[in-house]
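Student: Protein chains in written order, with full-length UniProt numbering: chain S, 1 to 469; chain V, 1 to 469; chain D, 1 to 469; chain B, 1 to 469.
In short, the hints are calculated from the structure, not lab data.
A quick note: this is a predicted structure, and the numbers were derived from the prediction, not measured.
All C-beta atoms, glycine included, are put in the ideal place defined by N, C-alpha and C.
Take the hints with a grain of salt, since some may be wrong.
What the hints assert, rightly or not - Computed from the model, here is a short list of chain B residues facing chain D with C-beta under 7 angstroms:
id: 1; residue: Phe100
id: 2; residue: Ser102
id: 3; residue: Gly105
id: 4; residue: Glu126
id: 5; residue: Ala127
id: 6; residue: Gly129
id: 7; residue: Gln133
id: 8; residue: Ala142
id: 9; residue: Arg146
id: 10; residue: Asn148
id: 11; residue: Gly149
id: 12; residue: Asn153
Protein chains: 4
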Amino acid sequence: MLAELKGINEECGIFGIWGHDKAAELTYYGLHALQHRGQEGAGVVVSDGDKLKVHKDVGLVNDVFKDADFNRLSGQAAIGHVRYGTQGEGGSDNVQPLLFRSQNGSMALAHNGNIMNAYKLRGELEAEGSIFQTTSDTEVLAHLIRKNGRETNELSISEALQQVVGAYAYVILKEDKMYVALDPRGIRPLSIGRLGSAYVVASETCAFDLIGATFEREVLPGELITISDEGMEFTRFALREQRKMCAMEYVYLSRPDSNLNHVNVHASRKRMGMELAKEAAVEADCVIGVPDSSISSAIGYAEETGLPYEMGIIKNRYVGRTFIQPSQELREQGVKMKLSPVRGIVEGQRIVLIDDSIVRGTTSKRIVRMLKEAGAKEVHVRIASPSIENPCYYGIDMSTREELIAANNSLEEICEIIGADSIAYLSADGLERAIVKDKTIHQGICNACFTGKYPVTEEGRATISYVKC
Amino acid sequence: MLAELKGINEECGIFGIWGHDKAAELTYYGLHALQHRGQEGAGVVVSDGDKLKVHKDVGLVNDVFKDADFNRLSGQAAIGHVRYGTQGEGGSDNVQPLLFRSQNGSMALAHNGNIMNAYKLRGELEAEGSIFQTTSDTEVLAHLIRKNGRETNELSISEALQQVVGAYAYVILKEDKMYVALDPRGIRPLSIGRLGSAYVVASETCAFDLIGATFEREVLPGELITISDEGMEFTRFALREQRKMCAMEYVYLSRPDSNLNHVNVHASRKRMGMELAKEAAVEADCVIGVPDSSISSAIGYAEETGLPYEMGIIKNRYVGRTFIQPSQELREQGVKMKLSPVRGIVEGQRIVLIDDSIVRGTTSKRIVRMLKEAGAKEVHVRIASPSIENPCYYGIDMSTREELIAANNSLEEICEIIGADSIAYLSADGLERAIVKDKTIHQGICNACFTGKYPVTEEGRATISYVKC
Amino acid sequence: MLAELKGINEECGIFGIWGHDKAAELTYYGLHALQHRGQEGAGVVVSDGDKLKVHKDVGLVNDVFKDADFNRLSGQAAIGHVRYGTQGEGGSDNVQPLLFRSQNGSMALAHNGNIMNAYKLRGELEAEGSIFQTTSDTEVLAHLIRKNGRETNELSISEALQQVVGAYAYVILKEDKMYVALDPRGIRPLSIGRLGSAYVVASETCAFDLIGATFEREVLPGELITISDEGMEFTRFALREQRKMCAMEYVYLSRPDSNLNHVNVHASRKRMGMELAKEAAVEADCVIGVPDSSISSAIGYAEETGLPYEMGIIKNRYVGRTFIQPSQELREQGVKMKLSPVRGIVEGQRIVLIDDSIVRGTTSKRIVRMLKEAGAKEVHVRIASPSIENPCYYGIDMSTREELIAANNSLEEICEIIGADSIAYLSADGLERAIVKDKTIHQGICNACFTGKYPVTEEGRATISYVKC
Amino acid sequence: MLAELKGINEECGIFGIWGHDKAAELTYYGLHALQHRGQEGAGVVVSDGDKLKVHKDVGLVNDVFKDADFNRLSGQAAIGHVRYGTQGEGGSDNVQPLLFRSQNGSMALAHNGNIMNAYKLRGELEAEGSIFQTTSDTEVLAHLIRKNGRETNELSISEALQQVVGAYAYVILKEDKMYVALDPRGIRPLSIGRLGSAYVVASETCAFDLIGATFEREVLPGELITISDEGMEFTRFALREQRKMCAMEYVYLSRPDSNLNHVNVHASRKRMGMELAKEAAVEADCVIGVPDSSISSAIGYAEETGLPYEMGIIKNRYVGRTFIQPSQELREQGVKMKLSPVRGIVEGQRIVLIDDSIVRGTTSKRIVRMLKEAGAKEVHVRIASPSIENPCYYGIDMSTREELIAANNSLEEICEIIGADSIAYLSADGLERAIVKDKTIHQGICNACFTGKYPVTEEGRATISYVKC
């Protein structure tokens with residue numbers, strides 16, 4: 001069963017806006033704010049009330065859109081998507097939103113998450129004559145909605161969603177309506193905001209801050225929201241259950257300036273560092289974080305321990321698509337890629353190295369060696385989340401169990417493999433304390449990758465999909 | 001009924017190769033040779049025996065493909081497509097080949113032509129739950145083939161083709177087979193060639209010359225050819241009827257170096273000019289052709305009449321996508337776009353101006369005025385084809401009947417509208433004499449746009465499509 | 001001495017306009033028309049009356065300029081340049097116009113031609129402390145003008161021009177004046193035109209036709225013209241001598257629609273073909289020209305002999321900078337580059353192949369073989385100019401004497417080397433008859449590369465330059 | 001006199017390497033590390049022992065270089081430059097290194113700094129006949145070196161440097177030697193490193209870390225180093241004086257991971273924050289730094305005061321050249337550009353806002369307003385350097401005195417203008433304490449922009465230049 005996973009899950013970012021003259025431009029800025037959730041491709045579909053127009057391509061948001069594109073993309077409603085994923089067989093076909101056209105109207109979909117039973121559903125649809133142009137889960141949902149020639153509306157969408165198992169957030173655009181849906185456990189993040197009289201929806205609240213919108217509320221688990229010129233209508237397609245927001249969104253995926261379930265991500269990371277300091281202090285000279293996602297927890301660790309926080313590793317900002325990769329020969333001679341050590345800081349020091357997580361351990365190993373080669377006397381690795389011992393079925397790309405270093409090695413073995421002087425992980429309780437400040441507001445988190453306790457049923461997992469977001 | 005046409009028909013070029021290590025590169029060069037058939041988009045799908053890989057985008061062949069793309073496009077079989085068409089709502093989604101993926105194999109299609117009953121077929125498919133991502137006829141054929149979950153094979157393709165009415169040439173690629181099909185009247189051109197042990201198929205033979213392949217034979221009307229590692233297999237999906245190759249392929253669409261039905265296009269154009277000279281001589285000082293497509297007939301006219309052929313109009317080769325269009329102000333001050341007059345040639349001369357055809361008359365009017373402003377004393381327009389009085393339903397973009405100048409004006413009126421000193425068209429008989437050298441080999445031509453005699457039935461025309469190639 | 005030539009001479013195109021609000025845009029269109037004279041780099045310098053602004057880069061005119069560039073390039077006077085040349089050590093530094101800035105004003109220069117004593121002059125200047133940033137002759141002239149801190153004016157320019165020996169056409173721009181100069185024998189072409197009240201200058205008249213300007217007159221040999229808001233002033237810096245326009249401008253360099261010394265280039269080429277037919281007829285089935293420059297003479301040959309002109313070789317229009325060159329492997333398998341044969345035309349035919357000239361013979365050899373491989377029965381090569389047996393010191397890139405096939409081989413040997421069935425060149429007298437229609441208007445031509453009779457003195461040649469245009 | 005400044009001073013970064021097979025590639029990576037010092041243009045000149053080859057253009061390092069460029073740039077020695085500056089009249093001509101070619105060898109120069117008497121020197125040179133193609137100081141130095149036809153060597157370079165007044169760091173490359181020079185007060189940074197047997201020189205040590213080189217020593221004030229295959233030779237062209245490293249290099253210009261005069265920049269910034277906390281504490285809820293350059297001092301301030309450091313402002317990483325700027329309309333509706341506030345952090349909080357410096361005050365005003373609009377209760381601005389009241393003549397772009405907010409307003413007025421609840425600057429003594437840890441090693445800093453005490457003489461300032469780096 002695990003073999004079916006094939007490391008193809010993916011994070012993505014979605015955005016939607018209804019009721020603004022500059023819908024496509026604002027979607028462009030919103031996707032900018034969500035760029036960290038997917039650098040593989042970007043797209044916008046806009047409705048001018050009469051028809052849907054699409055612009056999308058592989059590449060960063062800035063590469064995909066040129067100023068002049070927005071002349072064509074007039075309209076008061078738009079949805080957008082940024083896509084994460086290695087350049088697979090799908091190529092540009094898989095870039096979202098997907099747009100489906102029929103003689104009585106069009107429909108565009110953008111999706112973040114993973115449908116566990118997509119493979120099975122797709123096989124059934126194909127057996128009945130459906131043909132697919134992408135390898136995306138989103139196309140499965142579209143077929144389910146339009147099956148037997150049904151119209152796209154609350155009813156057909158709800159019934160389609162009831163057939164899919166997994167973790168997902170959707171925005172769907174028609175000429176005259178937008179639909180917003182979140183999975184029954186609320187594993188993936190999705191928020192509603194307002195910009196003047198316009199409605200905005202985004203995977204993270206940082207997209208609201210960038211465009212000057214204000215946060216309204218989170219989309220609820222199992223909720224289907226219909227937005228039109230008449231306003232918002234709220235329906236449910238699933239029974240109310242306790243929310244289980246993905247812990248990894250806090251740990252490394254979301255932007256530090258976003259709030260998820262009323263919890264600021266940077267603040268939660270600082271608390272992870274503080275909890276970690278309480279659980280796993282060590283005698284050292286300074287605290288260093290792996291940029292960018294571990295800076296907050298490193299500052300928390302330093303604050304809690306009183307050790308100085310230092311900038312011992314630098315992330316090269318100019319790494320990008322056009323960057324010329326150093327040849328093997330130059331790498332062996334010491335040319336650094338993404339991260340450079342700061343010799344003047346680390347030389348002769350006993351270092352606490354804070355990282356957000358370890359998946360396969362190869363990056364950690366490289367960073368520890370880099371610091372030692374730059375003169376570090378000791379490197380004590382402290383991980384601001386528990387050890388990942390279980391795969392994610394809900395949309396986070398973290399390899400199969402075979403590749404997870406913590407699933408197959410003891411703490412001592414991991415320490416030796418990565419070459420550290422000591423190692424410690426944050427406990428699952430510590431993580432929960434760091435994230436969940438107020439249980440009444442926040443409900444729960446999904447920490448299945450640490451604990452193996454999956455909030456979505458076994459039955460779903462049994463039909464795990466090879467297709468994706 | 002005519003209103004349904006909406007000027008959306010289009011020419012395209014298709015190419016396929018089976019059994020060559022460099023299938024994708026050779027398709028690239030083949031598409032280069034066919035570039036004149038479509039500048040809007042280009043794409044290649046290649047099979048490595050195990051899976052299909054696609055690369056396509058809007059733009060010229062050279063813009064769409066970079067050297068490095070071919071590393072990924074390994075495989076021994078490939079099909080390709082160049083697409084003509086104004087940038088419509090479809091955008092890049094409509095670029096071909098279209099690729100459909102299912103759990104038991106993939107299928108790619110490339111198409112040149114027009115399906116007259118596509119609108120009706122699509123409506124029926126949608127009513128049964130099919131969803132469409134493009135506005136292309138090709139997607140209709142794909143649904144017909146895979147309907148009810150059928151496999152893609154000779155049988156399902158034949159039955160699908162029997163449902164479509166129109167003029168078309170298809171190449172279809174699966175992991176282990178290639179299919180080639182031509183409409184029952186053979187209206188669109190399609191030839192088979194050999195390159196060593198590899199099979200090649202292309203809309204025009206000029207693609208064979210560019211890659212060093214040799215012409216084998218024309219695909220026959222109503223023929224379906226299956227190519228695999230076992231060789232070629234020939235079947236028919238329609239009764240044998242007399243071939244009716246589109247006359248406009250000879251008049252202006254194909255490249256002069258191509259042979260269609262064993263007739264060289266340049267040579268046929270020279271004969272059109274000669275026939276025109278016999279039918280419509282005029283006292284003048286020199287003969288000038290509108291570049292590029294009318295040069296051959298102008299030379300023929302000059303040869304027949306003994307008048308000198310002169311280069312009185314120049315086509316600016318550097319016009320292209322990145323060309324900065326002159327502002328209205330500069331155009332009014334005389335800055336020329338695509339064509340420039342040669343003052344030193346035309347000044348004080350009585351000119352026979354040869355053009356291949358007149359559709360709406362606006363270009364002819366502009367050229368006549370340009371020559372007169374450059375000092376021409378007289379401009380006698382001679383058209384190397386009959387007057388176009390009927391729309392084309394078979395894939396040539398020539399507007400509705402309302403816009404056809406010859407459908408709504410007498411010869412005298414046309415002469416006055418375009419500002420010429422005299423005007424004459426080649427007769428339909430003259431055109432036929434110029435094209436058809438040997439009736440036994442060549443069979444017939446479709447000259448419906450001149451004569452109104454459509455080779456494909458009324459019934460077909462009655463359900464004319466709004467969707468396309 | 002010949003060793004010093006190193007094949008570095010080059011053609012270029014220059015353009016200038018004074019007194020038009022859209023000076024930079026019009027220069028862009030003018031350079032478009034001159035693009036055939038240089039594809040290596042392009043540039044514009046514009047004066048807004050107060051300061052000079054430059055935009056230039058390697059590449060085609062279309063690649064170098066974007067629409068937005070012209071916002072910055074406001075002004076009523078501009079000069080431009082297109083540069084021919086292999087990508088040498090100079091790189092983009094050598095792209096013209098060169099712009100020199102001093103505290104009391106700027107000066108920009110653009111140049112077409114070759115300064116034979118540039119190497120000697122440069123050595124003298126360097127010995128006195130001048131430093132150079134390019135390997136261009138133009139920088140030498142700039143130093144000569146400004147030597148000892150002199151101002152740029154008629155006097156300093158005249159005295160500088162009197163020191164240089166060679167063939168050249170210059171446009172020089174200051175904030176408030178434009179200077180135009182032609183070498184004492186008028187070897188390079190340069191014409192003056194009018195566009196409303198604006199003055200225009202260009203290497204070829206085709207640039208006037210493109211922008212709607214009218215031809216005024218040729219710049220005279222040894223003339224220096226000063227253009228300002230006061231109008232044009234004519235001075236001479238050299239004694240009047242008979243003009244010796246470069247014959248190769250007619251043979252292949254200029255555009256067929258240009259007039260040089262009142263002689264249309266296409267018409268002169270047709271006459272070359274006719275003279276050639278008179279001198280060297282042969283029994284054959286058809287006449288084929290090598291595109292593009294030999295089409296006119298092929299038509300002339302066909303007209304004179306009564307043989308049909310056929311399109312047996314096609315030039316691929318889509319060859320360009322971004323074109324992916326076929327690998328050696330694919331070339332060996334027959335993939336064609338710039339020229340493709342038309343099998344349907346040449347198969348079994350006895351062909352007269354017209355080419356404009358033969359330099360090293362390698363291209364001719366390749367074309368003859370290509371035609372034979374495509375089935376030609378006989379290929380009779382007819383060259384529409386005399387055999388090139390002497391190098392050019394005046395700006396045409398035609399290799400050293402060692403490489404000139406006709407300088408080292410008899411006619412029979414050339415015929416054998418290139419694999420033709422027969423070969424003949426046009427005589428020098430025939431060429432002169434074809435070009436010079438009216439001796440009173442046209443004066444003479446420089447045919448030194450055919451005859452060895454150089455119009456500029458031995459003394460000049462003795463100090464031949466290694467630097468260039 | 002101040003009027004002559006015209007805000008044209010500029011920072012730049014320089015790099016050089018001698019004795020490595022991959023000299024050009026390593027220079028590319030070195031320039032990457034120095035990219036923050038100049039985003040306007042980048043260039044490399046490489047020597048293969050026989051000749052110099054150049055590649056440069058406007059744009060970021062990644063935009064200027066493509067992988068294939070390095071095939072041509074073979075050689076064992078190279079120098080490189082990144083250039084800061086608004087797109088001025090110079091355009092790409094001013095991109096460095098400048099390359100000068102003469103018949104007995106070439107010379108390339110790259111420069112960081114400002115020559116105060118460049119205008120006067122240039123006038124004198126022009127009066128003697130020198131002509132200039134750039135507006136760069138570097139060209140002035142080249143003329144001084146080669147004056148009267150002298151060779152480029154230690155002597156001619158030393159004598160040229162003795163004529164220039166200002167702050168500068170130079171690398172000069174000939175076919176067989178490299179020269180490295182620093183101004184007599186050592187105002188600009190420049191370090192020497194080793195990479196195996198190769199010598200490396202760079203404006204900042206972060207370039208060494210990126211390529212795996214080790215720091216050797218600082219270039220001394222007034223030192224001229226000659227590097228060749230024989231090794232390094234050290235000479236001086238000026239008397240030894242106390243070093244006066246530019247304080248702004250520590251405050252905001254250099255990268256935090258660089259060491260300048262053995263002082264780590266991040267660490268010095270943390271100490272600035274700590275000193276500031278001691279001098280200007282305030283009751284508040286959290287400390288926020290303006291990214292990126294003020295993060296270190298904000299952490300220092302937080303550490304010293306015990307207030308939590310929070311991430312209240314986010315810098316959008318995807319801002320770049322191709323970024324589509326929000327229209328005025330969208331900006332007014334709240335779309336953010338470079339910086340976004342984090343509403344969840346700042347809402348209702350009393351904030352200490354740390355910034356590295358204030359020049360004109362417009363940015364500070366915008367940030368304070370942005371925080372207040374995001375709900376901040378109080379914003380207390382704390383500047384981690386003294387108030388800038390004097391212009392810089394040594395290469396830092398900080399406007400004229402008229403524009404310096406602190407030169408024309410009292411502290412209270414500044415506080416009101418920027419809308420803060422309180423404001424305080426670090427004292428000059430505090431800054432010196434933060435930077436200079438060990439006086440014996442570090443010597444002094446130039447803090448003229450704060451104190452008006454210029455380390456280079458009045459006489460020099462009197463002839464201040466309008467030309468630049």
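Student: Against each hint, give a clear statement of whether it holds in the structure.
Tutor: Taking the hints in turn, this is what the structure says about them:
Interface restraint check for Phe100 (chain B): the shortest CB-CB distance to chain D comes to about 5 angstroms, inside 7 angstroms, so the restraint holds. Look at Ser102 (chain B): its Cβ gets to within about 5 angstroms of chain D, closer than 7 angstroms, so that hint holds up. Residue-level restraint check for Gly105 (chain B) is violated (minimum Cβ-Cβ distance to chain D is 10 angstroms; threshold 7 angstroms). Nearest Cβ of chain D to the Cβ of Glu126 (chain B): about 5 angstroms, under the 7 angstroms cut. The hint holds.
Hint status for Ala127 (chain B): holds, given a least beta-carbon distance of 5 angstroms to chain D, under 7 angstroms. Here the hint on Gly129 (chain B) is kept, as its CB sits about 5 angstroms from the closest CB of chain D, short of 7 angstroms. For Gln133 (chain B), the interface hint holds, since its Cβ comes within 7 angstroms of a Cβ in chain D; the closest pair sits about 5 angstroms apart. Taking 7 angstroms as the C-beta contact cut-off toward chain D, the hint placing Ala142 (chain B) at the interface holds, the least distance being around 6 angstroms.
A cut of 7 angstroms between beta carbons decides the hint on Arg146 (chain B): the least distance to chain D is about 5 angstroms, and the hint holds. At its closest, the beta carbon of Asn148 (chain B) sits 5 angstroms from a beta carbon of chain D; the interface hint therefore holds under the 7 angstroms criterion. Given hint, Gly149 (chain B) at the interface with chain D, holds; its Cβ is 4 angstroms from that chain's nearest Cβ, closer than 7 angstroms. The interface hint given for Asn153 (chain B) is violated, since its Cβ lies 15 angstroms from the closest Cβ of chain D, which is over the 7 angstroms cut-off.
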